Amino acid sequence: AQKVTQAQTEISVVEKEDVTLDCVYETRDTTYYLFWYKQPPSGELVFLIRRNSFDEQNEISGRYSWNFQKSTSSFNFTITASQVVDSAVYFCALASGGSYIPTFGRGTSLIVHP
Amino acid sequence: DAGVTQSPTHLIKTRGQQVTLRCSPKSGHDTVSWYQQALGQGPQFIFQYYEEEERQRGNFPDRFSGHQFPNYSSELNVNALLLGDSALYLCASSLAGLYEQYFGPGTRLTVT
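So the protein sequences, as listed, match chains H and A. When we follow our numbering, the leftmost residue of the first sequence carries the number 1, and every step to the right adds one. When we follow our numbering, the leftmost residue of the second sequence carries the number 1, and every step to the right adds one.
The shape of chain H in the complex, shown without the other chains (with noise of 0.2 Å):
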């Protein structure tokens, strides 16, 4: 079985300051798969980030980095300098065991207020 933990409900922010998003994952595959979805309030899901388990490194687009730690089974999300815009729902999600169909944690709501 796998799963996804995404401890934080919700995170409120003002723009400009740095802001984290936790994830921690189980599963007993050891190939697998995680991501991280945007949801904006019109719903769709917008895909960030995909990272295999063989590729511990961690990677910045902009001002996203994420940190991959397989000894903690985590895969963090940093916003640095948040904007309003960044206001969203963010989900990670794992896909293990040979399958595409990623499952998904509750998602953290992040706001930004100006």
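Since the hints were made in silico from the structure, they are not lab data. In this text, all values refer to a predicted model and were calculated from it rather than measured experimentally. Glycine included, C-beta positions come from ideal geometry on N, C-alpha and C. Any given hint might turn out to be false.
Said to hold, decoys possible - Some chain H residues near chain A, calculated using beta-carbon distances under 10 Å:
no., residue
1, Gln-6
2, Gln-8
3, Ala-95
Stated by the list, open to error - Straight-line alpha carbon distances no greater than 35 Å define the calculated DSBU-like cross-link-like pairs of lysine-lysine that follow:
no., chain 1, residue 1, chain 2, residue 2
4, H, Lys-38, H, Lys-3
5, A, Lys-13, H, Lys-70
6, H, Lys-38, A, Lys-13
7, H, Lys-3, H, Lys-16
8, H, Lys-70, H, Lys-38
9, H, Lys-3, A, Lys-13
10, H, Lys-70, H, Lys-16
11, A, Lys-26, H, Lys-70
12, A, Lys-26, H, Lys-3
Fit chain A to the supplied structure of chain H, relying on the hints for placement.
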């Protein structure tokens, strides 16, 4: 390049009725997956269609059924609606064998 489209945007049904939701995949994609997202929850996988057949199914009752057409578009049917079926229904398309799924804007179903 059109992304994933879904119709209708919103729908209100009465308990016991039946509903059909529609999805057109992103151009070039051949696989369609359906998810149910209850308020405050993450998306839950319903089923996936490829080559007009249901390939994988999540933990949903038989009241949930689907279809994929030769042009890769898909329908989700829900029979005997329950109040608990009220949710955002998301369609995602992908290419077989790839992990990247592209999601549509969803259909908001309200059952009264």
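Open item on the list: Under the constraints set out in the numbered hints, which ones does this structure not fulfil?
Closed with: 2 and 5
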